[in-house]
Structures are given as structure tokens and as C-alpha cells.
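Participant: Sequence:
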Amino acid sequence: MDYNALGIIFLAVVAPIWIIAHYTTRWKATKALSSDEEQLLEELWKNSERMEQRINALERILDAEVTDWRKQL
Numbered sequence: 049m050d051y052n053a054l055g056i057i058f059l060a061v062v063a064p065i066w067i068i069a070h071y072t073t074r075w076k077a078t079k080a081l082s083s084d085e086e087q088l089l090e091e092l093w094k095n096s097e098r099m100e101q102r103i104n105a106l107e108r109i110l111d112a113e114v115t116d117w118r119k120q121l
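Per my numbering, the sequence shown runs over residues 49 to 121.
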């Protein structure tokens, strides 16, 4: 075989496999959350739990004071 045939084989077989493997490992590495993203997600989760508790408290107050408030919506 001459060098042209080896170059064609490399470009047709080896290079695409190498490129796919390279970007697959990159994709898997970026798929995970960074520590900053994990911290932000945890903070958002805690805020949503607090907001849910406040909404429930407001609904209990409205249920006690304005019995048909849900029908008015």
C-alpha cells in the first residue's frame, strides 16, 4: 500500500471514530452539574419548599376567613 491509501483509510475509518469518541466523552463530562449549579439547584429547591409552605398558610387563612374564595377564581 502506498501512503495515499493509508491516508484515505485513516480519514474514512479512524478519524470519524476518533471524533465521535472525543465528542461523546465531552458530552458526558458536561452532562453532570458543576458545584455552582448544584448549589443553585439546592437553593431553588429550598425556596420552592418555603414558598409552598407560605401558599398553604395563605390558603388556610383564606379558608377560615373567606369560605368561598376558591369559587370566586
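Derived from the structure by calculation, the hints contain no laboratory data.
Please note: incorrect hints may appear among the correct ones.
[As the list claims (entries may be wrong)] Okay, derived cross-link-like pairs now, DMTMM-like style, lysine to aspartate or glutamate, Cα gap no bigger than 20 Å in a straight line:
hint, residue 1, residue 2
1, K79, E90
2, K76, E91
3, K94, D84
4, K76, E86
[Said to hold, decoys possible] What follows is a set of in silico ranges between Cβ atoms, one per label pair, in the way DEER data are often shown:
hint, residue 1, residue 2, range
5, R74, I103, 35 to 43 Å
6, F58, R98, 38 to 46 Å
7, T73, D111, 52 to 60 Å
Backbone N, C-alpha and C define an ideal beta-carbon position, used for all residues, glycine too.
Participant: Look at each hint and say if it fits the structure.
Facilitator: Now the hints, each set against the structure:
1. K79 x E90: 18 Å, holds
2. K76 x E91: 25 Å, violated
3. K94 x D84: 15 Å, holds
4. K76 x E86: Holds. K76 to E86 sits at ~17 Å (cutoff 20 Å).
5. R74 x I103: 35 to 43 Å: Distance hint for R74, I103 holds at roughly 42 Å.
6. F58 x R98: 38 to 46 Å: 59 Å, violated
7. T73 x D111: 52 to 60 Å: 55 Å, holds
When held up to the earlier numbered hints, the structure conflicts with 2 and 6 and fits the remainder.
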